[in-house]
Amino acid sequence: MRIIGGQYKRTILTGPPDATTTRPLPDRVRESIFNMLQGHLVEGPAVFDVFAGTGSFGLEAISRGATRAVFVERDRKIREILRSNIAKIDATAMSEIVEGDALGPLALARCPSPVTIIMMDPPYPLARDPKSWQRVLAQAGKLVQKLTDDGYLLLRTPWPFLQLAEAEAPETEPNRNKRGKRKPEREKVVSLNLDDGSLDSQDIDEIEAMFEAIAAGEAIEDGEDGPEFIDGPLEIAEAVGPETHEYGSTAVHWYQRES
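Numbered per the working numbering, the sequence shown spans residues 817 to 1075.
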């Protein structure tokens, strides 16, 4: 993982230990986003990086001209990596780390006001659960009110953006994998109720593989007891948008504040 443009171009950043905690934006996605944001970084805007992870988005913004970046990250180990990445470009003076729930009142209070760029990159399991996703959209609706007239809120999701029709789907019967082969019977929790921001699942990879199989057009076991899916909602109250940009298995949705 590296900074791809600006003053600190080619600086190597430390990435997460694995993909279960945080999924940094791929280089090509960041490059596309910042190409579109180029004119908004000239005057040194403030940036709010929500679910910041190891900081690749906010640090890219600093490299390209942002004068202040506020990072929200609740995971202690990931915050340590974030701090080390900030130090790599000597950006401590212009950076602030908020330690807490990205969807809570503290994060909202620490958002610069006004702010030009807000990036929300919630973990995929959070985006997959309809109940938790409503918390994301509610917080986004509050944050978008802090935008400048020409500011943007960016929201990342998996793509296609599918959710389980029910937030809790305990599974104790034998099931089949995405290729239709019978799996050995086992008791497994697949609840994605993330009100506290933590994952309540014993097998994240299998859940995500199921959605990827659907996106690829592969057959999924269909039946009365099979999982049902819905398109994830993307409307944010009092916001204009979304304008959706697809990048393979991920998408970034752009919003502006209503006039």
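Heads up, a few of these hints could be off.
What follows is a list of derived Cβ distance ranges for each label pair [said to hold, decoys possible]:
1) Ile828 - Val1056: 34 to 44 Å
2) Glu1074 - Asp834: 35 to 45 Å
3) Asp1047 - Gly860: 30 to 40 Å
None of these hints come from the bench; they were simulated from the model.
Backbone N, C-alpha and C fix where the C-beta goes; we use that ideal spot for every residue, glycine too.
*What hint numbers does the structure not satisfy?*
none
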